[in-house]
Amino acid sequence: MTLVELLLAAVLGLVVIGGAFTMFAGAIHSQPRDSAKVAALQEARTTADRITRELRQGWETRTTTSSKLEIATYVKAATCGGAAASTAIPCLVTYTCSGMTCSRVVAQPDGSAPGPSVQVVSGLTNAAVFTYTYASGAADPTYVGVTFVLSGSGQPFTLSDGVALRNQSEEA
Amino acid sequence: MALLKRLSARLASEQGFAVPTVMLMTIAAMAVASVGVVASIQGQSGVVRDQGTKTALEVAESGVNQALLYYNRGVAPCTAKEGEWCGPVTGMSVNGGAVEYWSRLASGDECEVGNQVDCVEIVSQGTVNGVTRRVDVSSSTVPTEESPGSGPFASAGVLSQESMTLDSNAVIHTGVATNGDMILKSNARQCGKASVGIGKKLTQEQNTGYYSDALCKSKESTYLQQALTLPPVNQGDAATNNDNARLFSQDLVSGNKSDACWNGFTAEGKASKNCDTRELVVEQNSSVTLGGSVYSFCKLKLLNNSALYVVAGKSVTIYFDSPEACGYSSGVTQLELQSNSRITSSSGSPISVAMLFVGSEALSTKVLLNSNTSVEESCDQNFVVYAPRSEVELNSNARFCGAIAGKSVHMDSNAVVWSASGSESFSLPGVELPETAAHYTPYRFVECSAVEASPPDAGC
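First to last, the protein sequences are chains X and C. Position 65 (the first sequence) corresponds to 103 in the working numbering; numbering is contiguous. Position 10 (the second sequence) corresponds to 15 in the working numbering; numbering is contiguous.
Please note: incorrect hints may appear among the correct ones.
Label-pair restraints from in silico Cβ distances [what the hints assert, rightly or not]:
id, chain 1, residue 1, chain 2, residue 2, range
1, X, Thr196, C, Gly41, 14 to 24 Å
2, C, Lys222, X, Val156, 39 to 49 Å
3, X, Thr196, C, Ser223, 25 to 35 Å
4, X, Ala47, C, Met35, 18 to 28 Å
5, X, Val76, C, Ser13, 48 to 58 Å
A few chain C residues that face chain X, going by a derived Cβ cut-off under 8 Å, partial list only [said to hold, decoys possible]:
id, residue
6, Ala34
7, Val37
8, Val40
9, Gly51
10, Ser223
11, Arg449
12, Phe450
13, Val451
14, Glu452
15, Ala463
16, Gly464
17, Cys465
It is worth saying that the hints were derived from the structure and are not from the lab. For each residue, glycine too, the CB sits at the ideal point set by N, CA and C.
With these hints in hand, go ahead and build the complete structure from the sequences.
Below is the structure:
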């Protein structure tokens, strides 16, 4: 092997190894950001799952704005706003979104004795979370959509779901 | 010694350098790529879980619907004492998932929706790709605002036991129900919700329209499938105990008396071949005004601008006896309105007229409205034609306002039916409606914990 060949091989080797190192460093650098994204996504997914379950079990929507939803529904709890239980009881659940977060409050079906406000999702870029679909001639929505637009350090990402109220024909 | 030399020479040689270098580079590249792959798999696993959850939930709900279908047909999917659970019943597979359900019947206070109801609670479990979801749905017979009453026209203004056909611009402006198929042809329109028999269908051909509202504004594409049973007419003693004797003595004729014939005689008292026993025939611009309550006819025929008036405020029931009792052969037309004839109130005030046809299982009978005839043009009265064993035909610009039930219903050539307020509360006199299966309507839906439990509604 000549000196020229050796130098050429060394340069090519450095280029290849440098490229690999750059990619690896990038991956290491972005890992915390990706983890945060995954965590936010998991939180939003859990919350969306809970909201859709409560909507599915709901029989009446009261306040229906893009950032606030009040729904009379069944909640598995010993008392409305109290500890969790295995049997579902009728309660009034309110989701309020403001700024980058949404919170949840559980009260008696008539709205009395509200429990503590619990933050259920964070990192939102938009507090307009709820959308409503009305059947022809209906005063109350029959389908409620839930959309979380979550901020990341890169592009924001969206989680959407929606559900029809299964118990809607029941008198509140 | 030779081995050591060879090994030393091999290590000193450049040969063999490329393989470990390439392997190291490959491993480094795979390590970098695996970071992205792992992150992607984590993200995808959430999506897969969500899809599995939703599908399992749908499968579980399908189990509830399958169980309810059994109960609403009057057949329990499994047997148990009242208040006790029965099951699991393996349901029909949906979306490749497995479904099984449990159910129990209860009544009164147990239903928690009123004392005068029966209820059924169904817990259904759906499993798809290892994801399991359970739902608990309680349904009751409690009436709701939308639920129909008990009369035959409670939920639909036009009924047919076997089939319903609308042809050539015919229009129905009310809900319809048939135990067979419904066919719309040639610009015909059905304006109002339709239901057909189980396994039957609504067929639309040639520019026809199906709408959910009586004014034909909202297009509709869905229809119900449900069983329909029209009980036969029980005329009791109406054939002998009736107001027939009033005809031409108290129920007078306007116009030419020779053009009205009842029981084989004209209103002038002359024998006539135009009518036979218990047959009323009116023609040529003449009219008869009914003031009694119950009549028993074999045949009613209104021809050529004739009219049958009913005294204002009266409620009249006209029974049409069976063809056997009247001595008719098969195919007889027992009610015939032709050529601008009409049945209406004498003053425009509300009246109630029910024309009930006993019919026959063996001999076919017909009801015919033809050629610009009308039954209550103003459409604010309560007219009912109930002929569960007769073929009903409306033809050539016939206009009917009220409720119609027939063995079959055929409308043709611009015939129109409007619904009259009040017909939905019509009840069939002298008829005990057959014991029908209770109709259960869901009133409580909750999701349960995913794990199967005992009793089945534990964790719901």
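These are the hints, each one checked on the structure:
1. One distance hint, 14 to 24 Å for the beta-carbon pair threonine 196 of chain X and glycine 41 of chain C, holds here, with the actual separation near 21 Å.
2. Checked against the hint of 39 to 49 Å, the pair lysine 222 of chain C and valine 156 of chain X passes, with Cβ atoms roughly 47 Å apart.
3. Taken as a hint, the range 25 to 35 Å holds for the pair threonine 196 of chain X and serine 223 of chain C, whose Cβ atoms sit roughly 33 Å apart.
4. Our hint of 18 to 28 Å for alanine 47 of chain X and methionine 35 of chain C holds, since their Cβ atoms are close to 23 Å apart.
5. Taken as a hint, the range 48 to 58 Å holds for the pair valine 76 of chain X and serine 13 of chain C, whose Cβ atoms sit roughly 53 Å apart.
6. Given hint, alanine 34 of chain C at the interface with chain X, holds; its Cβ is 6 Å from that chain's nearest Cβ, closer than 8 Å.
7. The closest approach between the C-beta of valine 37 of chain C and any C-beta of chain X is roughly 5 Å, which is under the 8 Å cut-off, so the hint is satisfied.
8. The interface hint given for valine 40 of chain C is met, as the beta carbon of that residue sits about 4 Å from the closest beta carbon of chain X, less than 8 Å.
9. Interface restraint check: glycine 51 of chain C against chain X, minimum CB-CB distance 6 Å, threshold 8 Å, status holds.
10. At its closest, the beta carbon of serine 223 of chain C sits 6 Å from a beta carbon of chain X; the interface hint therefore holds under the 8 Å criterion.
11. Checking arginine 449 of chain C against chain X: minimum C-beta separation of about 6 Å stays under 8 Å; hint holds.
12. Below 8 Å, beta-carbon pairs count as interface contacts, and phenylalanine 450 of chain C has one with chain X at about 4 Å; its hint therefore holds.
13. Satisfaction of the interface hint for valine 451 of chain C is found here, the shortest Cβ-Cβ separation to chain X being roughly 4 Å, below the 8 Å cut-off.
14. Using the Cβ-Cβ criterion of 8 Å, the hint placing glutamate 452 of chain C at the interface with chain X is satisfied: the shortest such distance is roughly 6 Å.
15. Interface restraint check: alanine 463 of chain C against chain X, minimum CB-CB distance 7 Å, threshold 8 Å, status holds.
16. Because the beta carbon of glycine 464 of chain C sits about 5 Å from the nearest beta carbon in chain X, less than 8 Å, this interface hint is met.
17. A distance limit of 8 Å between C-beta atoms decides the matter here; for cysteine 465 of chain C the minimum to chain X is near 7 Å, and the interface restraint holds.
Comparing the model with each numbered hint stated earlier shows that all of them hold.
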